[in-house]
Every structure is written in C-alpha cells, then in structure tokens.
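A.B. asks: Here is what each chain is made of, one letter per residue.
There are 2 protein chains.
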Amino acid sequence: MAEPERAGERHGFELPLLLFAGFRSLIDQLHTELAERGHPGVRPAYGFAMQAIGRDGVTASELGRRLGVTKQAAGKTVDRLAALGYAERAGDGVDARRKVVRLTPRGVDALAQSAALFEDLRAEWAATLGEERLREVEDALERVVPKSAFRLDGGAWLAG
Amino acid sequence: MAEPERAGERHGFELPLLLFAGFRSLIDQLHTELAERGHPGVRPAYGFAMQAIGRDGVTASELGRRLGVTKQAAGKTVDRLAALGYAERAGDGVDARRKVVRLTPRGVDALAQSAALFEDLRAEWAATLGEERLREVEDALERVVPKSAFRLDGGAWLAG
DNA sequence: CCTCGTTCGACAACCAGGTTTACCGTTTGG
DNA sequence: CCAAACGGTAAACCTGGTTGTCGAACGAGG
Numbered sequence: 003m004a005e006p007e008r009a010g011e012r013h014g015f016e017l018p019l020l021l022f023a024g025f026r027s028l029i030d031q032l033h034t035e036l037a038e039r040g041h042p043g044v045r046p047a048y049g050f051a052m053q054a055i056g057r058d059g060v061t062a063s064e065l066g067r068r069l070g071v072t073k074q075a076a077g078k079t080v081d082r083l084a085a086l087g088y089a090e091r092a093g094d095g096v097d098a099r100r101k102v103v104r105l106t107p108r109g110v111d112a113l114a115q116s117a118a119l120f121e122d123l124r125a126e127w128a129a130t131l132g133e134e135r136l137r138e139v140e141d142a143l144e145r146v147v148p149k150s151a152f153r154l155d156g157g158a159w160l161a162g
Numbered sequence: 003m004a005e006p007e008r009a010g011e012r013h014g015f016e017l018p019l020l021l022f023a024g025f026r027s028l029i030d031q032l033h034t035e036l037a038e039r040g041h042p043g044v045r046p047a048y049g050f051a052m053q054a055i056g057r058d059g060v061t062a063s064e065l066g067r068r069l070g071v072t073k074q075a076a077g078k079t080v081d082r083l084a085a086l087g088y089a090e091r092a093g094d095g096v097d098a099r100r101k102v103v104r105l106t107p108r109g110v111d112a113l114a115q116s117a118a119l120f121e122d123l124r125a126e127w128a129a130t131l132g133e134e135r136l137r138e139v140e141d142a143l144e145r146v147v148p149k150s151a152f153r154l155d156g157g158a159w160l161a162g
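Residue numbers (my numbering), protein chains in the order written: chain A, 3 to 162; chain B, 3 to 162.
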C-alpha cells in the first residue's frame, strides 16, 4: 500500500502472461499483415513448418525430426501445406522411397514476407522502447532461457 | 562487422522465438514441478481453465466467455477436468437450467501450488538477472503489449 | 546374389481441443 | 401467457497430434 504509483509488486504469474502476450501479439500482427499481402491462409503452425522445410526441401521424415513430431504428423502438415499451394512433393530420382517436399514460389514468398515483417515489428517495439532497452530485453531473455527450449517445435508443444 | 563481440545484429525473427521460449520454459518447469507434487495430469490448457473457474465456480457458458471459446468447448474441458478430479458440476437450486462448475479441493490445491511455483520461478529469473533487470523486462513488455492480447484465452489461441 | 534389418511413405484408429448446427428445457419479459 | 432468450447437451466435422501396422526400397553381410 506504500506506493500505489508505478505498478507495485510484480507477481510471479504475470511473467508468463506477459511473455505469452508479447509472443501472441507479434504473431497476430504478422498474420494480419500477411493476410493483407496475399497470404490469408497461413497459420502459425505453417510458419514453423515452412521454416523447417527451408529453401532446399526435406523429406517428411526429416521434417518430422526437425519439428519434433512423428513423420506421420509431418506428412499431414505437408498435405495441408500442399493443399494451400505452399509446398509440393516430388519424387527423388536417387532413392525411390524418398519424396522430397519443396516450397513452391508462393511458399518462398510467404517466408520472405514473414522475415521482412518480423523486422518491421521489431522496429516498432524499438520505436516504443528504444533500441537500447529492447536489446536489454532480448539479452535478458537469452540469458535466462535454456537453449533446450530454443527449438523449432513450437507447433508440437502447443498441441501438447 | 565492426563488433563481433557482444552478439551482433538482432534479427526480427529472434524476438518472438525468445518470448515463446521464455514462456515455454516457465510453463514446462511449472508442470514438471507440479507433477512431482501430486498433480501429474495437469496440462497447460487446464491451468487456464482452472484459473478461469476460480474459487467461486462458474457455469459452462460463462467459462466459455472467459476463455474465449464456445460453451460446448468449455463443457468438454470441464468433462476432462472432472474426469481428473479437478472440478465437479453441481445443480443450481435457483435456476434449474444452470449447472455450476466448481473446483474440487484437489483443483484448489493445484491452483495454489501453481501460484507458489510461479513465484519461485520468477525468483530464479531474478537471481540470474537481478530484480532490477527483470523488472525492466516486465515493464518493457507491459508497455509494448496491447492489453487486448492480455487475456485468459490462451488455450483457444494456441489451438487456432 | 540373396537375405536381413532399417528406412521411407502411407493408412487406420484414436485422442485432445475447437467449431457449427440443432434440439430440449427453463426462465423471463412484453 | 406465450415467445424469445438462455443454459446444457449432442452429433458431425476440422486441425494437429499420437500408436501401430504395412509394403516397398535401400544397403550391408554372408
């Protein structure tokens, strides 16, 4: 009760909420903008997947390993991506079992736009907080986050 | 190329990853600890739901509104919570349509333990970063996060 | 050269969580 | 007093996962 000014005690439960809200607002803004730029169907999970496919393409099994899910789940994701025109499967001449998943030009475009938009969003934060302070936040998070949590399998985690 | 020291340029895509990783590591640690303290079955989504039920109880419809999902989805969540012994339904004497969902003592315990654990986890971060710096991170996030993103419907958002 | 183990892709059945649509019973207000 | 609004439930379906199983293709050994 001593200092009603300047947000008193910080409670433990606020921290995860703030982090999540920050993540969420970035992702929401990204997808809003992405939708206006010709990619209305992209969902957060697809972003992770396309990132994992990359410009060289991967097999479904390898994609599963990168995303931390089973090859079956990865295969289903590729199906949806393919249905939306973001990826396609092509047989591999060398190994008749393999089918390489590759991003279509449309997929590559979505990825490139996302990267640019993330830069813009970060710049907005920097405008509010100052580059200095934003940097401090990033550095702090990097110090406190175990690198084991720093992977590309967000989609899998979310679905628990 | 001027300063290879001190983590060069920060890229836009790192920010959401850092925020998510931070959130994720807190939630993972919470549930690991929770499991060791007699609540192995609790999943992140249940945490949101139990928080929304609160100590007074709510109807399924109201729960749905709080969580940002349909009443049907809320009802299913209550089913799972009830199956695990964290919540129970009771008829309301006044309005024969209503069935109030209440936390069981076990549910209340899970909620209380979670709150305590979140305090512990925040304290760990404070030990690494310093209370000062952690506070700066929290304040920065609060400034930059639109309060509209600061809701209790995380579960619904995750499932897209 | 042929077989054995491993890998890749696909299929089926299932679970968690969400959505629509639809219906029934209760409560309430014009 | 009756119709509209509200609470609960159920069915069918979607997205993302999971196991388990299977056949086809590769690769290393005998």
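Just so you know, these hints were derived from the structure itself, not from any lab. Some clues are possibly wrong.
[What the hints assert, rightly or not] Residues from chain B shown here face chain A by an in silico Cβ test under 8 angstroms; the list is partial:
hint, residue
1, F15
2, F22
3, R135
4, L143
We put the CB at the ideal spot given by N, CA and C, even for glycine.
A.B. asks: Determine for every hint whether it applies to the structure shown.
C.D. replies: Now for the hints, and whether the structure bears them out:
| no. | hint | result |
| --- | --- | --- |
| 1 | F15 | 5 angstroms, holds |
| 2 | F22 | 5 angstroms, holds |
| 3 | R135 | 6 angstroms, holds |
| 4 | L143 | 4 angstroms, holds |
Of the numbered hints stated above, none is contradicted by the structure.
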